[in-house]
Amino acid sequence: MSRAEPQFDELYREVILDHYRRPRNAGSLAAPTHQAEGANPLCGDEIELDVSIEGDVICEMAFRGQGCSISQSSASMMTERVCGGTVEEAHRVMGLFEAQLVESAEPDPALGDLEALHGVAKFPVRVKCALLCWKVLREALQTNDNEATATPKGG
Amino acid sequence: MTIDTARLREDFPILGREVNGHPLAYLDNAATTQKPRAVIDALTHYYETQNANIHRGIHTLAVEATEAYEGVRAKAARHIGAGNPEDVVFTRNTTESINLVARAWGDANLSEGDEIVLTLMEHHSNIVPWQLLAARTGAHLRYADIDAEGRLDLDSLRSLIGERTKLVSVTHMSNVLGTINPIAEIAEMARGAGALLLVDGAQSAPHLPVDVEALGCDVFAFSAHKMLGPTGVGVLWARPGLLEAMEPFLGGGEMIAIVKPERSTWAEGPHKFEAGTPNIADVIAFGAALDYLHDLGMANVREHEKRITGYAIETLERAGGITVHGPRDVEVRGGAVSFEVEGVHPHDISTIVDGYGVAIRAGHHCAQLLMRRLGVPATNRASFYLYNEEREVDALVAALDEAKRVFGRVESRTAV
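Residue numbers (this note's numbering), protein chains in the order written: chain A, 1 to 155; chain B, 1 to 416.
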C-alpha cells in the first residue's frame, strides 16, 4: 500500500466510532409521546425512535437500530444534541446538519459532536446513512401525541 | 488449459484504470462483469454498419441485422446445451425471464391451494414474481431450508414437494453463498411430482459449463451482462413445446401472425414473446461475449475460478477476525464469497476498501430471506471472474487490515 493512502481517519473520527461502540440513549422509552421508524431499504440500515415531548421541550429520546457506524453514530449523537432542547431547536439543528452533508457547508459550532460527521459529505453514497435518523426524527415530530403508537413505517 | 490472465486482461479496457490512486481490483462480478474490447467493438460495429430494425425488412441492412440477431439466439442455445434456438427467448434480464414464466405459464396453470416450492437462498427476482403469482391465483409459497454450511437441505426440499406442487424454482448457484445446487437431483423430485422446474442460471451460466438436457430442468433463465455482455439482455430457455403452450406475455408488434379487430393470432416460437423492437444492438454484442467465452472454454473458466475462489477463502480465513459464509469445498461452489469482518459493518468495509481501488459489494444482495436465515443484516461479498488474479485478493485482504485498524482504534485506546 505504497500508493495514495486514503485518509479514513477523517471519515471515521474517534468520536464517531465511540458513539458507534457505545451508543447513547439506546433502548426504548416507557411512554413516548412521539414515535417513528425508518430504513434505507437498499442497504438495510434501520432506526426506530421514541421521543417524549412536554410542552415544546424534548425531554427524552431513545433509539433502536442496526446498520453501519455512520447511521448508528449519527442517531446516537442526534439524541444527545437535541434532547433537552425545544422542538424548534431540533429543527434548526436538523437544518444545519443537512446543510453540512448535502451542501458541504462549513460545520456550525451549534452542531456539537455532530460536526464529526462532516467528512461523510465526501462520500456521497454514505450521506443517506447519516441522514436516516434525522428523517425518522422529522417524521416523529410530525405525529400527534395520540398517534404515537400508530406511526406509519418510513423509509 | 490454464487461463493466462495477464494476457487476457489486456482485452478489458476498464481493468487498466485506477480508482482512488490504486489499480482497480474489480471483485463485484456477481453484480455485473466487465466487457472485453470485442463486445464494445461489436456494439459500435453494429451501429456504424448494420443498424436497422429486424424481421419484416427487405433491404440489405434489415436482412444483415436480422441474421446477426438470430445468430446470437443460436449461440445462446449452444452455450447452455439446448438443441433448438427456437426455444430461446430474448428478454431484458433474468428477472424479466422469470416474470414472463410467472405470467404466461403461471396464470394459466396455477389455482387456489397449489404450491410453489422455492429455497431460502433465492434472489428476490426468484421470489417476488412468485409472490405476485400467488396473490393472483391463491397459490402458496414453500421455502426449502439450507444447512449449516450454506448448502441446500435436500431433505427439506424433498419434504416440501408433493402432489400440490406445480412449480419448483431454484437458483443454480447462490449469488451470496456461491453454493451450486444439484439440479439433476432436484429435477427428479420435481418430475416425480409432475411439477415444472425453473432454474435461475444468472450466476451459473457465466461461470460453469451448463447443459440443460443433463440438468433436466424445464426452464432456464440468465442474463448477458453477468457474462461479459451488455446490460439489457436476458435469456429464457424453455424445453421444446413449452413456449407453444404458453399465452403471450406482452402484446404488440413483432409477436403477431394476423391481427383482426377482435382477436389476433401469434407469431411462432420465441417471437411470440418478443413484442416490440427488441434490444438488437446489445443482443448482437452479446454474441461477441458468447464467442469470447466459447474460445476460452467454459471448463477452463470454471477451473480458473475454482483456483482463485479457493485462494480467496483460505486467505480471508487466515487473515483473522473474518467469517466466510458458504461451502469451503470449491467443487460444490462458485466464486461469490460472502464474509463478515468482526466489529465492522459491511458498508464501512466497502467504503474503506474502495479507498484502495478494491470494488466489492456490501448489503443484502437482494436476498433478504437468506440474510435473515444467516442471522446477519448484511454481508460483504467478493465475487470473481475469469480475469481476476490472486494479487487482487491480496489487495482486498490488505485493505481489510486497514479497516480493522480504523475500527480497532477506540478499543485499543481504551484497553491501554
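Keep in mind that the hints are not guaranteed to be accurate.
Unchecked claim - Straight line, CA to CA, 30 Å or less: simulated BS3-like cross-link-like pairs of lysine-lysine:
| no. | chain 1 | residue 1 | chain 2 | residue 2 |
| --- | --- | --- | --- | --- |
| 1 | A | LYS128 | B | LYS75 |
| 2 | A | LYS135 | A | LYS122 |
| 3 | B | LYS260 | B | LYS404 |
| 4 | B | LYS306 | A | LYS122 |
| 5 | B | LYS75 | B | LYS306 |
Quick caveat, the hints were computed from the structure, so don't treat them as lab data. Bear in mind the structure is a predicted one, so any value in this text is a computation, not a measurement.
> Broken hints, numbered, in rising order?
Replying inline: Numbers 1, 3, 4 - these are the hints that the structure violates, sorted from lowest upward.
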